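Next come the chains, spelled out residue by residue.
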Amino acid sequence: MIEIAGLTKSFGPRHALASISLTVSRGEFVVLAGPNGAGKTTLLRILATLLRPTSGKLKVAGVDPLKVGPLARRQIGYLSHRTLLYDDLTAEQNLRFYARIYGIEDAEARIADLLARVDLTDRRRDLVRTYSRGMQQRLAVARTLLHGPQLLLLDEPYTGLDPVAADSLTALLTDLHAEGHTLLLTSHALENAALTGRRAVVLLCGRVVYDGAITDPAVFATHYRQLVSQAMSSARPASPAAPKPDRPDSAADVSGRARKLDYLRQVLAVVGKDLTAELHTREIFSAMAVFAILAMLIFSFALDLRGAVARAAAPGVLWSAIAFAGTLGLSRSMAREQESGGMDGLLLSPADRTVILFGKALGSLVVMVALEAVLVPLATVLFNVNLLNPGVVAVLVLGTVGYALVGTLLAAMAVNTRAREVMLPILLLPLVVPLLIAAVQATSGLLEGLRWADLRGWTQLLVVYDLLIAAASLLTFETVVEA
Amino acid sequence: MAETSVALRRRDGLGLVLGLLSIVSFLGALWMVFGYAPREATMGDVQRIFYFHVASAWVGFFGFFVTFVAGIVYLTRADRRWDIVAHASAQVGLAFITMTVLTGMLWAKPAWGVYWTWEPRLTISAVQWLLYVAYAMLRGSVMSPEREARFAAVYGIVAFVTVPLSWFAIRWWRTIHPQIVSSEGMAITPRMLYTLFASLAAFTLVYATLLRQRIRLANARDRLELLRLAQES
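Residue numbers (my numbering), protein chains in the order written: chain Y, 1 to 483; chain W, 484 to 716.
Extracted from the complex, chain W is given alone in its bound form (with noise of 0.2 Å):
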């Protein structure tokens, strides 16, 4: 048993070293969010939940991505560890963009007046949300686990159409979002910008140790099915 324990810590090194490098990263972000970023002028400290809103955001976007590739592989070459990697990254995903809207609700009340308005942008991401409902909710609903691979890979790829129109809508429809990047730059200070890409590191590092959590739960899955089955047998 110790033996076992040992091993499952060694094999895990890249796992520890990830959850390290995320709670010393992620404390990094949080002082910069509140020591190093200025206090904007107009919105005051209300515009900090901005770093979190974007960088959410960003690794939600990443991991619906994420899911969309790995759904790709799993198609062409039918192995499961590429369907447990987007199931993996779907989970990560749909919390982050939680995160995102609930985030965004948060910035819009005193900004806007209301937590909700159904400008194009929001609406999008709301949509996005519902998309990765379902899929979660597909998952459940598939008796065959080859089939429901094969669907979430489907259906992951699809719902990945919807990202393009959510990144464009932007642009294509009028809107009250605030616009960050622009043809004329960024619409922040230095200060700020670093604040955000700290931000966006730390919240990728979260994503990538959940990420890796969660195929390793996925895979102590299937080896436990593995062994009640051998067990029956």
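Just chain Y, same shape as in the assembly (with noise of 0.2 Å):
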């Protein structure tokens, strides 16, 4: 199930993985272990194709998943330290999303069956963030498990877990090993009596130390520890089992699935996704309507506008509420996937990165221009000018457009940086610049009755911003998303 040969993973010039080789067959259990920096999470991540290795050979379910990572991820079932649920999402809500995205057939059943075997089908109408953490751990289990996965990475599942629901956990283990699930899983708990007959590998310092069989899991905790601080002064290299490689999963063919309905549907259920927990929370589009609101008040004081004043200041006024809200929206989108681990919920599944773009940019698209329809009444009012024209609305749609892609892009550096929260009007503002002058240009020409065909050069130059963008962000979103 598993083929590794030579694995390195480099952070900058440090290894957290030193040319590992491992092999799991079909249908083991494994014990990662290892001390924390040992290099477990990482080398589970590149599994999940989450991480991109420095070198080495890798299989996973008989395919690279470097290769055809879509493919492999069919067959992976990770369960994080994070439960990438979302929080402002209802269980039932949160498996339907991951359905979607996965192109489940029959969805609706498989999300009940999963929920009662987790033993939450009472609870699945409520949000996430009303769980405990042994229920949201109960749920993230049945995300894992939602597409039907072989091969199941387990990282550190029984942090944070009382000895009943730790007990609940062993047990739905051992029921998928016992239906042939493939199971490789860290954890620190090697007292654990289910360890018992487990194959138990050991990493340290980015290399294995020992692989061999758990006889008794009170023996091998303190073998284990003494193999940590003796291989801390010297790390060898281990010798490890050596199972038949697995066939190809030839059952699991999907490229007739990289079709465009499958994309549309996929880039709707992030739509539906962001504008479900809006719905739930509202957060978004009242801070960024209370914000463009005073800004507008500000700017009217500031400016002293007045009369024809206010008239010729409109679109400006106008365009820099929407722009500055807008900024406030799109950090809070991508944090939002950030703090509930979303992110690589999506990164998991096997659909294109693109759709993550799509989605985001398309949700935050959805409430901005939410946001315009509030505004453009608005203005008209204080301001006394007739925004509300077919002309105005083209140029709003195409200056959003853009504003969303290239904002989206944006955001999700942003928020992995350390100043994340001043990161992304730094970034996105100058680079929305030349759109923001087209856009105002437009409006106010349009204000003053030249006709669409007078304002060629600032309809062009969005549409040219828009284009160059979309192009931009198609083809280097995925090297941003990559952890």
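Be careful, since some hints might not be right.
Claimed, not checked - Simulated restraints on C-beta separations:
id, chain 1, residue 1, chain 2, residue 2, range
1, W, Leu676, Y, Ala394, 42 to 50 Å
2, Y, Pro163, W, Val616, 31 to 39 Å
3, W, Ala619, Y, Asp122, 51 to 59 Å
In short, the hints are calculated from the structure, not lab data. On a predicted model such as this, the values are computed, not experimentally measured, just so you know. Think of the CB as a built atom: it goes at the ideal place given N, C-alpha and C, for glycine as much as any other residue.
Reassemble the complex: the two chains are provided individually, in unrelated frames, and hints are given to aid placement.
This is the structure:
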């Protein structure tokens, strides 16, 4: 099921994994042990296709995940440190979203089965943020199993669980193993009696230092501690067991799934998920609307906008308010993914990475258009101008499309920086200045009574900007969201 | 130690040549700007800023172009050397664009009566300056070196999208910026043109010298980090 040869992962000059070789057969239950920083999570994230190795060969379920990621990801269920669930959705809505992303047929029946299996049927319509840690972990297991993966990668699944919840998880994992799943699990709880007879692999400083069976968990735990203290002084490569490689999973041919309709369905699933979460919280729209209105108010007295001056300044004030409020919305939308680990959840799915770009951008576009639906009538009244005409609407759409696209690309970067709270406006606003100049000038021209043809230069600039940004985003987004 | 110093000097022979060429060509350009090019009839000596302004703008834009290309190559090959080139070129390009904005302001005061006016081309120059300041801030704010390189490559590519917008802005928008190159030919005399070419050559050589030194510095920093890690382990 897993074949690793000479796998290395470097972060800058530091090696997190140093030429690891390991083979795991179909149906095996392997415990991956090692102290913090040994490289366990790095190895699991590489196997889950969330990280690219620096060098080495890798096969999961008979295929190279670096070459055919979507095919491999259909065979992998990854349970992370984080639950990868959206707090502002219910259990059902979370699983329904992932079912749409994975393209699961008869999803409702599958979801009902899994919720019953993890004993969450009664709480299926409650928001995840109201769940206890144990319940969230059980739902995360249901998410991991949703698409019927053969290989389960479980990173510290017992973390934060009370003894009862831990026993329940052990029983579930035992059942899954009995059903034929391959399990690779990292754990510090090596005294667990359920590990008897399992294969243990110990990692230290990015190297395999032990590979053998656990006959008695208590004895193994003692041996493990000695091993770690010895190996700290002289790490040695292990001679891993060499089971025969698995056959490629021919049943999982998903090449036919890369169809336009599937793509559109996945994009709409991301949009639907974002809008559902927003309907539950209303935090993004309300924050953007209040901020935009405040911006217009501040401009009105800072620039002493009255009479003809107010009418002349109206397009600029409107677009500035949209731009500033837009950074809030884009930033928060991506932060939501980051906080919940939802980005990893999306990356684990077989969906094309650009699905995330277009889904998130379209979700932001909908929220921004809703904001404009409030701001335009308001500006019409406050500045005594006629903004309610089709030309202005067209300019608003042209400008907002480019803004949402480039904003989504940059927000995906900004959430991964140290200064994430302030980085998005710094990155985004210089980049959208040409767009804003064109949009303001086109809107002003329309208010002055110019025809659409008279504004060709500005509208062309908007279109060129949108196309260039769309092309650049499309080509680079996958690079940005890779861990 | 002596052998190492000799080896380093030998290895940087090209750097030495570049440095000498930069000094000679820059001194030559200075002589042409102040001793060879004629005094402009309307604006007088203040027009001579033009030779520094245009040359630094050219090198700044070229620096960002190199960052753009190196970013694309890095994304396709994941080779750290290209990230180092992209970073170094952006730093040098930012320094020259800063010089462009400052010399432009010095020229604008006697020419237009103000240090700054919000005409479109100047605005785009300011935007580009801000873009590459943001590029530098982004690089400083990402913790993982690999992710920093990827993010910077993407941002360098997207930021460069504004360069053609800047170039075409002079025709798309009404502007009071002097148009040196137009469909009617050059608006300067042959001596002025030769001086401009000499300045462009000198600034390009200075750019190449600085770029090389920045790349060497980054490589030295990498080697130091490796030594530190080796010592720690």
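Structure-based check of each hint:
About 45 Å separates the C-beta atoms of Leu676 (chain W) and Ala394 (chain Y), a value consistent with the hinted range of 42 to 50 Å. Take Pro163 (chain Y) and Val616 (chain W): their Cβ atoms lie about 54 Å apart, and the range 31 to 39 Å is violated. Roughly 54 Å separates the CB atoms of Ala619 (chain W) and Asp122 (chain Y), a value that falls within the hinted 51 to 59 Å.
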